[in-house]
Amino acid sequence: MRHTLAVLVENNPGVLARVAGLFSRRGFNIDSLAVGRTERPDVSRMTIVVEGDDRVLEQVTKQLHKLVDVIKINDITPDEYVDRELVLIKVNCEPARRGEIMQVADVFRARIVDLGRKTVTVECTGNEGKINAFEESLRPYGIKELVRTGKIAMLRGNRSTSLDGKKDDE
Amino acid sequence: MKKSGAEILVQGLMDQGVDTIFGYPGGAVLPIYDALYDANIKHILTRHEQGAAHAADGYARASGKAGVCLATSGPGATNLVTGIANAYMDSVPMVAFTGQVAQALLGRDSFQEADITGITLPVTKHNYIVKDIRDLAMIIKEAFHIATTGRPGPVLVDIPRDISGGEVEYKDPGPVNLPGYRPVLEGTEEQLNKAAAAILASERPVIYAGGGVINSGAHEELKKLAELLVAPVTTTLMGLGGFPGDHPLFLGMLGMHGSRYANYAVCEADLIIAVGARFDDRVAGKFDRFAPGARIIHIDIDPAEIGKNVRADIAIVGDVRVVLNQLLPRLQAKLPGAWQEKIDLWKKEYPITYVENGRLKPQQVIREIYNVTGGKARITTEVGQHQMWAAHYYTFTRPRSFISSGGLGTMGYGFPAAIGVQVACPDEVVFDIAGDGSIQMNIQEMATAVNYNLPVNVAILNNGFLGMVRQWQELFYNRRYSYTELINPDFVKLAEAYGAVGLRVDKAADLKPALEQAVRTNRPVVLDFIIDREDNVLPMVPPGESLENMIG
Amino acid sequence: MQMTAAQALIRCLELEGVEVIFGYPGGAILPVYDALCQSGNIKHVLVRHEQGAVHAADAYARATGRVGVVMATSGPGATNLVTGIANAYMDSIPLVLVTGQVPTSQVGTDAFQEVDITGITMPITKHNYLVKDAKRLPAIIKNAFHIASTGRPGPVLVDLPKDVAAETIDFDYPKTVKLRGYKPTYSGHRTKILEAADLMMKAERPVIYAGGGILNSGATAELMDLAEVLSAPVTNTFMGLSGFPGDHPLFLGMLGLHGTRYANLAVTHCDLLIALGARFDDRVTGKISSFAPGATVIHVDIDPAEIGKNVRVHVPIVGDVRQVLRGILAHLKKKDRSGWLEQIRQWKEQYPLTYVRDGRFKPQAVIEKLSRHTRGEAVVATDVGQHQMWVAQFFRFKHPGTLISSGGLGAMGFGLPAAVGAQIGLPDRLVILVTGDGSLQMTMQELATAVDQKLPIKIFVLNNSGLGMVRQLQELYCDRRYMATRFKFVPDFALLAKAYGLAGHTVKSEEELDRLLPGVLSSPETVIVNCLVDPEENVSPIVPAGHGIDQAIDC
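Sequences listed follow chains A, B and C, in order.
The numbers in the first sequence follow the numbering used here, run straight up by one, and end at 170.
The numbers in the second sequence follow the numbering used here, run straight up by one, and end at 722.
The numbers in the third sequence follow the numbering used here, run straight up by one, and end at 1277.
Hints were generated in silico from the structure; no laboratory data involved.
Accuracy of the hints is not assured; some may be wrong.
To be verified - Listed next, the in silico BS3-like pairs over lysine-lysine satisfying Cα-Cα at most 27 Å (straight line):
1. A:K72 to C:K905
2. A:K66 to C:K905
3. C:K897 to A:K66
4. B:K212 to C:K1210
5. C:K914 to A:K72
6. C:K864 to C:K765
7. C:K854 to B:K478
8. C:K900 to A:K66
9. A:K151 to A:K90
10. B:K301 to C:K1009
11. C:K854 to A:K72
12. A:K62 to C:K1009
13. B:K301 to A:K62
14. B:K456 to C:K854
15. B:K512 to B:K393
16. C:K905 to A:K62
17. C:K914 to A:K62
18. A:K72 to A:K151
19. B:K677 to C:K1220
20. B:K663 to C:K1220
21. C:K1210 to B:K663
22. C:K864 to A:K62
23. C:K1176 to B:K663
24. C:K1230 to B:K663
25. C:K854 to A:K66
26. C:K900 to A:K62
27. A:K66 to C:K864
28. A:K72 to C:K897
29. A:K72 to C:K864
Unchecked claim - To be clear about the criterion: a stretch of chain A counts as covered by chain C if any three or more of its residues have a C-beta under 8 Å from a C-beta of chain C, and this derived list gives those stretches:
30. 18 to 30
31. 52 to 63
In this text, all values refer to a predicted model and were calculated from it rather than measured experimentally.
Where a beta carbon is used, it is the ideal one built from N, C-alpha and C, also for glycine.
Starting from the given sequences, assemble the full structure and let the hints guide the process.
So, in structure tokens, the structure goes:
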């Protein structure tokens, strides 16, 4: 099963290397990892999607906790949350077929962000399922290049996983 | 045909032409050692894995082939780390194989488990952990390819026990295909032409040659270049032997402990031709004051070295030998002039020298080793004052004859390296020039030397101090000798406890006979030279200063 | 107060109560050494290789319960520490290591003697720091000592660039530690404690399986109380040895790969396994599905990540073993278990730990004699290999913390520097090193340190001219194809001792040893006793690879 972890870490140099090293040496599989700053300058947040059963997840969580730079970990998998990923796709496209691509993009509320002589570059945000579907819809046209950011996620409603936030309803 | 992982490894080693490996057995490498039992590969059993890594490194530097070492998981693997870092800093081709716990036990802090690929990430050119036995043959091939091509370096292959002990239908792995690794060997026309023009326009050129000359086998081309241009040549520590030390155009070493004339020449040059060198801090001094009036041509196989510390005006990425062969036809012979005269004058005015004071001088010892060996010995060194004296006072005339830890500066390197050199060059005279501090670091390898009857000569310049650190404390810390004085074993008795020969020399008159005896002896010999205790390596550029500001 | 960061570092160490540093100077750490030699309060032990420094500090920590402190220069100085750091990490030993680093402006340029030691040691430190701002140094040192010594102890490395060390700062040592991401749990969860106590009272065949956590948390008295109240037999992991008296009737000796048969049988047949500060290591459990198959498992450990890592646990209790045991003990009543203890007595009788006395000089006999002559009072450091297991089997430890040995990493070469560190920490105790001829050679340069520091260590080399443990494995698993495990040449350790200015003896028989032993053990000098023992002797019993621990064989 796949789990989505919201991990708050000290904004220290090397913290990404510590987390990545841990996953590699303990043999945990990362599906995706996205890292960026938060509402606090001294705290960064990683959204990590891991594959594994409950035992693996328990170990991942506990081992992550042992890293001194890791402040807080929440497995938000069972909760209601918003998750997003951004993808950029460059598709082969003769000018004559741009309309078709634009139609597909419209369905997914994706945007054309660049046009080449024989290519179109589109961006799309959404949850993983939507991005996968979008990718599949463009595949027949010939995907020249594709890049995804990895997933970021946030709990819905009043609840939060921020430093002072409570995952339980306040 | 079915083969075990261990047999595939042995097959891979044979395919790569490996005839010698240096190693130490243990639980996780049992299947590999069992396969080696039947293999036609010489295994040198050291007494600490650090010894194995340094010996493989010395073997590689002397022979030009990849050095191979083998250790078990956990402490076996971690004991290699210094040796791997050492090879990495000095661009030595080395392949290190380590055993690992079985995959089912990985990541669980199992007995003798260490994450050696994680640990060595910063000090290897590349590393692998084999997770599928079907990949093993290809990984071995890739490891040797990466270690020996481009800028050479150490590659580590970590093999879990279930892989070495497992079985698979063996297939030849086919050619190596690494999209992320394609070293560039030839310079571009444009850059070559620019370089040629700059060289022809230059009036005060200096060639600054590093270890890349030796790695690429470009010593003949370098000599041609120097003679064609009548350009003086200075080398880094790593470059010693890459240009004949007795050549009139030779300036000796540059940098912190370089000759004054080399440093002055660099300071006044209008063109620096950097050949397989990397503008290390010990060479360049203050980066922004290095060769202030010169244009700089930088030839190196590693594009990341270019512009790293010092700006390069003309950069040529490529194999030094290939590039020099491309460059030479574009040049014309020059005649000596005012520049050469000036340099000759400096050489006369500021020779590298020392003051005799009745005590046994380390410089004398090195000079006498040179005389007795006719300059033909392979010299390894440890790290410290003796290393610099060896660089100053032994005249190296051929590549791969000076073998020393340059970048990492590893005390304890020289002796196991000498063992590796002697294995690679069984018929040559090998000396490890050592200090009393350094030699103790890997003294256990005396057993290896005796075990394989390797007639390595260990010349200890014994001053009862960590001399180089003491020198810094004298010069920069007001003579506060903080924990640099040493209580030492009796090195002569120590040699004898090993069944080796021990000789003590404390006066100049005994130097020659002792050295002659050592060279004649077909067993390991330890020479304990009791030298002037507080001698300094001079001249010296104090740290952070530019090259013209030398003291001593 | 204004001072350089190097001086501030020394001041911090003084304030942490550091009495001794094990180290080796070099260029990048010069400012620190310059400050160090001007402090009258800290002793510095100059080793002969940095690996010696870290092992010595590690043993000092094990022997005294204090944080071991190490100093080394950049580059090779730092990389030479790696094995010792990994060793301390695997065995949960509190260490603070300070390494010099090249000046900040040169970091990342492959400068002379530069290595990325924080990167290298990431997998083997509890935490590490690269100091970039001199003002942060005091707080970092405070944190380093706190992290190293609390929770599950471990090594912490502080990498200090030379220019940072030379900077002047306003010195102020923080009184408290602020670490958001590090808050160890000490007291166990109350309901779990009650649950555990309840299970302990109900069990019919309990076994206490106690590891190094007993020693780290100082829970040996509580362990004794628990065993006696419950009438429960106690088995130790290798790391737990000396945590329970070796001559106690409830003691089962060590379990696992080379454990006693009765310990392994007791674990296999128990209905309740009480795991205290132990981690179900592969050397302990053997085939994991056959480990304590019928037992309910209570696991007490300070490190939550250990619980459920290798085996399924019914009652997990995260906390300091000593505190948790005190909590549990409050709910227990004296319990009589004569049936279970009788069964164990029978196993002990049926499968005693023994060896074949065939007239040859047996290594086990050396250990038995050492145990008897010292009445189990000595501090025993060992290296790694057969001799280590024989010490575990045949030395009857009396006091907590008196076995000093490399458990998790199994680092040959640990022994001699460890004996140095232990003797420095415990100057008035008898410190014995039991080592092998392979292991001793690995770090024998430290004989010079022993002489230099005038340490009266007694070194017993169980010399079988080879790498005995690996040879034994080759005998068992490789059809006696002995590859690279029999030395063609071994130095004469008695002569070697003399080269270092120590006393050295060679003995070839039990009788010779008997004659020599009283004099050696009471000598004020460093002594090497080179015991030329039966080279073919094996460690027995052994659980063959892939088998349950009740499947041990003699060999």
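Now for the hints, and whether the structure bears them out:
1. A:K72 to C:K905: With Cα atoms ~11 Å apart, A:K72 and C:K905 stay inside 27 Å; holds.
2. A:K66 to C:K905: The given pair, whose Cα atoms are some 10 Å apart, holds under the 27 Å limit.
3. C:K897 to A:K66: 24 Å, holds
4. B:K212 to C:K1210: 15 Å, holds
5. C:K914 to A:K72: Holds, at roughly 24 Å.
6. C:K864 to C:K765: 20 Å, holds
7. C:K854 to B:K478: Satisfied, since the Cα-Cα distance of roughly 21 Å is no more than 27 Å.
8. C:K900 to A:K66: With Cα atoms ~16 Å apart, C:K900 and A:K66 stay inside 27 Å; holds.
9. A:K151 to A:K90: Since the Cα atoms of A:K151 and A:K90 sit roughly 20 Å apart, the hinted pair holds (cutoff 27 Å).
10. B:K301 to C:K1009: Distance ~22 Å between B:K301 and C:K1009 Cα, so the pair holds.
11. C:K854 to A:K72: Answer holds: C:K854 to A:K72 is near 25 Å, not above 27 Å.
12. A:K62 to C:K1009: The hint holds at about 25 Å.
13. B:K301 to A:K62: Holds, because 25 Å separates the two Cα atoms, which is no more than 27 Å.
14. B:K456 to C:K854: 21 Å, holds
15. B:K512 to B:K393: This hinted pair holds, its Cα atoms lying about 21 Å apart.
16. C:K905 to A:K62: Between C:K905 and A:K62 the Cα gap is close to 13 Å, so the pair holds against 27 Å.
17. C:K914 to A:K62: Given pair C:K914, A:K62 holds - Cα atoms ~19 Å apart, limit 27 Å.
18. A:K72 to A:K151: 18 Å, holds
19. B:K677 to C:K1220: 25 Å, holds
20. B:K663 to C:K1220: With Cα atoms ~8 Å apart, B:K663 and C:K1220 stay inside 27 Å; holds.
21. C:K1210 to B:K663: 21 Å, holds
22. C:K864 to A:K62: 25 Å, holds
23. C:K1176 to B:K663: 20 Å, holds
24. C:K1230 to B:K663: Roughly 23 Å separates the two Cα atoms, so the pair holds.
25. C:K854 to A:K66: 24 Å, holds
26. C:K900 to A:K62: 21 Å, holds
27. A:K66 to C:K864: 19 Å, holds
28. A:K72 to C:K897: Roughly 25 Å separates the two Cα atoms, so the pair holds.
29. A:K72 to C:K864: Holds. A:K72 to C:K864 sits at ~22 Å (cutoff 27 Å).
30. 18 to 30: holds (count 3)
31. 52 to 63: Held - the stretch 52 to 63 of chain A has 5 residues with a Cβ nearer than 8 Å to chain C, which meets the minimum of three.
When held up to the earlier numbered hints, the structure conflicts with none and fits them all.
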